[in-house]
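Here's the letter readout for the chains.
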Amino acid sequence: MAYVSIADRDHEIEHHDPQTFITKYVWSQDHKVIAIQYGVTAIFVGIVALVLSVLMRLQLGFPDSFALINPENYYQFITMHGMIMVIYLLTALFLGGFGNYLIPLMCGSRDMVFPFMNMLSFWVYLLSVIVLLASFFVPGGATGAGWTLYPPQAISQGTPGIDWGILTMLGSLALFIVAFTMGGLNYVVTVLQARCRGMTLMRMPLSIWGIFIATILGLLAFPALLVSAVMMLFDKLVGTSFFMPAMVSAGEQMGTGGGSPVLFQHLFWFFGHPEVYIVALPAFGIVSDLLATHARKNIFGYRMMVWALLAIGGLSFIVWAHHMYVSGMNPYFGFFFATTTLIIAVPTALKVYNWVLTLWQGNIHLRVPMLFAIGFVFTFTHGGLTGLFLGNVTIDLPLSDTYFVVAHFHMVMGVSPILVVFGAIYHWYPKITGRMFNETLGRWHFWLTFLGTYSIYLPMHYLGFLGVPRRYFAMGNTDFMPESAQTLNAAISVTVIFVALVQLIFLYNMIVSLRNGKKADPNPWGGASLEWQTPDTPPKHGNWGHELPVVHRWAYDYSVPGQEQDFTPQTVSADEVPVGRDHGMEH
Amino acid sequence: MTITLVFLGAIMVTVISWLLKQTLNTEPWVSDPAADAVSGTSLDTSNKTMGLTTFLAVATSIFALFISAYTLRMQEPDWRPLAEPALLWFNTAILVLASIAYHWTRNAAVSGNTARLKPGLLISGVLTIMFLGGQLIAWQQLIAGGFYVWTNPANAFFYLLTAVHGVHLLGGLWVWARCTTKVWTGAEADSVRLSIELCTVYWHFLLLVWIVMFGVLLST
Chain X
1 MAYVSIADRD HEIEHHDPQT FITKYVWSQD HKVIAIQYGV TAIFVGIVAL
51 VLSVLMRLQL GFPDSFALIN PENYYQFITM HGMIMVIYLL TALFLGGFGN
101 YLIPLMCGSR DMVFPFMNML SFWVYLLSVI VLLASFFVPG GATGAGWTLY
151 PPQAISQGTP GIDWGILTML GSLALFIVAF TMGGLNYVVT VLQARCRGMT
201 LMRMPLSIWG IFIATILGLL AFPALLVSAV MMLFDKLVGT SFFMPAMVSA
251 GEQMGTGGGS PVLFQHLFWF FGHPEVYIVA LPAFGIVSDL LATHARKNIF
301 GYRMMVWALL AIGGLSFIVW AHHMYVSGMN PYFGFFFATT TLIIAVPTAL
351 KVYNWVLTLW QGNIHLRVPM LFAIGFVFTF THGGLTGLFL GNVTIDLPLS
401 DTYFVVAHFH MVMGVSPILV VFGAIYHWYP KITGRMFNET LGRWHFWLTF
451 LGTYSIYLPM HYLGFLGVPR RYFAMGNTDF MPESAQTLNA AISVTVIFVA
501 LVQLIFLYNM IVSLRNGKKA DPNPWGGASL EWQTPDTPPK HGNWGHELPV
551 VHRWAYDYSV PGQEQDFTPQ TVSADEVPVG RDHGMEH
Chain P
1001 MTITLVFLGA IMVTVISWLL KQTLNTEPWV SDPAADAVSG TSLDTSNKTM
1051 GLTTFLAVAT SIFALFISAY TLRMQEPDWR PLAEPALLWF NTAILVLASI
1101 AYHWTRNAAV SGNTARLKPG LLISGVLTIM FLGGQLIAWQ QLIAGGFYVW
1151 TNPANAFFYL LTAVHGVHLL GGLWVWARCT TKVWTGAEAD SVRLSIELCT
1201 VYWHFLLLVW IVMFGVLLST
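In order, the protein sequences belong to chains X and P.
Taking this note's numbering, I'd label the letters of the first sequence as residues 1 to 587.
Taking this note's numbering, I'd label the letters of the second sequence as residues 1001 to 1220.
Don't read these hints as lab results, they were simulated from the structure.
Treat the hints with care, since some could be wrong.
Partial pick of chain P residues on the chain X-facing surface, computed with a CB cut under 10 Å [to be verified]:
1) Ile1016
2) Leu1020
3) Thr1045
4) Phe1063
5) Pro1081
6) Pro1085
7) Ser1111
Here are the simulated DSSO-like cross-link-like pairs (lysine-lysine), alpha carbons at most 30 Å apart as the crow flies [as the list claims (entries may be wrong)]:
8) X:Lys518 <-> X:Lys24
9) P:Lys1021 <-> P:Lys1048
10) P:Lys1021 <-> X:Lys24
11) X:Lys32 <-> X:Lys518
12) X:Lys519 <-> X:Lys24
13) P:Lys1048 <-> X:Lys540
14) P:Lys1048 <-> P:Lys1182
15) P:Lys1048 <-> X:Lys32
16) X:Lys540 <-> X:Lys236
Quick caveat: nothing in here was measured; it's all calculated off a predicted structure.
Virtual Cβ for every residue (Gly too), placed ideally from N, Cα, C.
Between the sequences and the hints, there should be enough to build the whole structure, so can you do that?
Shown next as structure tokens:
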């Protein structure tokens, strides 16, 4: 079949060039600008959520020392912290941010296939963020139902924000899902339809595989959140009883009856569990590329890595009820879901082995992105292992409502993806901005964040074993908790404040390097994948100048024996490879 | 949740097996001239077709989840089955005709028959609007009979499911309106062909969804 790409035609390129400041930087349809808009917005709300966690820790570490924090506020902080971090920061940053930036550049396309819809996706996302943040200021304040928004308490007397708070939350989620669907259609269709010549699916870097499969998961799973949000809106606004059981509140029979709160939990976690992998799979993919590039070695078991991503994606739809062992569902379900949960550990473990084997005998350059990538392997393994505990019903029941669970999910889907986010930002910063960041500050940022987060979450496992309950505003006087538990809590809180402040180093480094960083080499790490081969750094609108790249190999030709350079870009054909000394024997 | 699982299972099996087929027996680290010729255009389909296909997967997920929720909620003791208005049979017939009309228009567009586009689009649009009007009348009949949305979960689901289906049709009508405007301002069959073809697929999809939904509503 003759290869003709519409975007290849010259007039098309000039036609699309944005002319004014507004179309170039504000209402931009360029995937790179949209990616940065997504990224900056996501990091901004992420900082809001970070501040909320500091406020929570102040209360937990030093109970009742701060007049600002009362039980109502505390529950609002918990809810907003969780929701923002999982959805508005991580999902938006990995897919809207990195997905937007990397897919066209790594696949060799000029842009996303539906640029207008892509632009719309960002603006609807921004609107959802504004609605979400507005909920702090509405009458009654933000919802305090916990990020899972379980009914009946989410819309019943006694929970903060049961009027405007929950409405703005549900509305914002609905907007987010619309935004995500518009973006997601773009990511899927671009990967399938707009790859340049020679880019077979199996020559794509693992970053793209991770983002691609995560997007498919998102497109199929977010509807469950939409369905549950719409039905809860009905319960709240119209007085239906989809989820609301018969209740007596303050001695008064409520108008609702017969609804099933467990139905909500099923719908919510049918979205909620794939959501874990919507965040994790892009991180898996990106970390694979970071490790291979900075270890100057091809990724170990590329095909196995792709199959593992597919297997995890498929399995992630049949494990949701492991979040519901204590919900009162049919106990036999627990057996099924424990089994599937433990099976998902197999492909996940394969990936961890392959990351370690990629490092084995590699020519490791401990640059800042690599530090974060290796840090991820530690925190993810750690969080994954505690997941094996909690996947078993009998172990989950006593631990479910303790700090053990908080420690587990923060290690596995808080710290780990965030380390990848940092690694990825450092890795692609030279390409995105055309400047180098400050390496020393980057190292300080890594070590303080890595060791700091470890000293936050490792002790939490012990608190969990002691039975310290999560979600509590104050622990009160209990016999089973030794005084040392409170000392530990105070120490954790101090560390949290410290780690939060350390992030200022990152922000300072990113902002100051924009102006003062030294001009970046187009390919500072010697990367073989396409985004490092653009004619301009940062890439201009249309990415590739007048001719699209042509790909001749996969993205992992590092240290190939018998070749002069220790990497061969994907665009180099077999005849053009400079032959020289043998890199395979270097070590 | 069984229904959702079956639907999603089917979608996942299709996606994963297609992707696996691309990945088996490949050795991407070996230079391969055949692979050098492959690109995104090798699938030989348009971006919009692929976009619609993906969107249909999303919509399937939404409807399957609503129906799953319906079957789960049905088991609670307070459920009082709703007697659906007979008008729905008439509405269903109208929607079937709308689908047929769109298909007829599509055939005209494919064979380059510009003259037949105007009546085709007009009939399809009018029938679709009639269906939506019919649904509204069905709502009014229920309300007049005292079947309010809050009186029973079965009623609530009826209003909710028909509304979600109607909203999807309204989205389709927006594309229909754009295409019809183009045809009225003198567009040739070729320039609107893809839009009409994709709309036909979408109309058939929503007809299928309606038939499944109507079946579920009638049988419970």
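Verification of the supplied hints:
The closest approach between the C-beta of Ile1016 of chain P and any C-beta of chain X is roughly 5 Å, which is under the 10 Å cut-off, so the hint is satisfied. For the restraint placing Leu1020 of chain P at the interface with chain X, the shortest Cβ-Cβ distance is roughly 7 Å, inside the 10 Å limit, so the hint holds. Because the beta carbon of Thr1045 of chain P sits about 8 Å from the nearest beta carbon in chain X, less than 10 Å, this interface hint is met. About 9 Å separates the beta-carbon of Phe1063 of chain P from the nearest beta-carbon of chain X, less than 10 Å, and the hint is met.
Because the closest C-beta pair between Pro1081 of chain P and chain X is about 14 Å apart, greater than 10 Å, the hint is violated. About 20 Å separates the beta-carbon of Pro1085 of chain P from the nearest beta-carbon of chain X, more than 10 Å, and the hint is not met. Below 10 Å, beta-carbon pairs count as interface contacts, and Ser1111 of chain P has none with chain X, the closest being about 25 Å; its hint is therefore violated. For the proposed pair Lys518 of chain X and Lys24 of chain X, the alpha carbon gap of about 25 Å is at most 30 Å, so the pair holds.
With a C-alpha separation of about 24 Å, the suggested pair Lys1021 of chain P and Lys1048 of chain P falls inside the 30 Å cut-off, and the hint holds. With a CA separation close to 41 Å, the supplied pair Lys1021 of chain P and Lys24 of chain X exceeds the 30 Å bound. For the suggested pair Lys32 of chain X and Lys518 of chain X, the alpha carbons sit about 22 Å apart, so the restraint of at most 30 Å is met. For the hint pairing Lys519 of chain X with Lys24 of chain X, the CA-to-CA distance comes to about 23 Å; that is within 30 Å, so the pair holds.
A threshold of 30 Å between alpha carbons decides the hint, and for Lys1048 of chain P with Lys540 of chain X the separation of about 26 Å falls inside it, so the pair holds. Restraint check for Lys1048 of chain P and Lys1182 of chain P: the C-alpha separation of about 18 Å stays at or below 30 Å, so the hint holds. Taken as a hint, the Lys1048 of chain P and Lys32 of chain X pair is honoured in the structure, with Cα atoms around 22 Å apart against an allowance of 30 Å. Pair hint Lys540 of chain X plus Lys236 of chain X does not hold up; C-alpha atoms about 49 Å apart against a cutoff of 30 Å.
Checked against the numbered hints given earlier, the structure breaks hints 5, 6, 7, 10 and 16 and satisfies all the rest.
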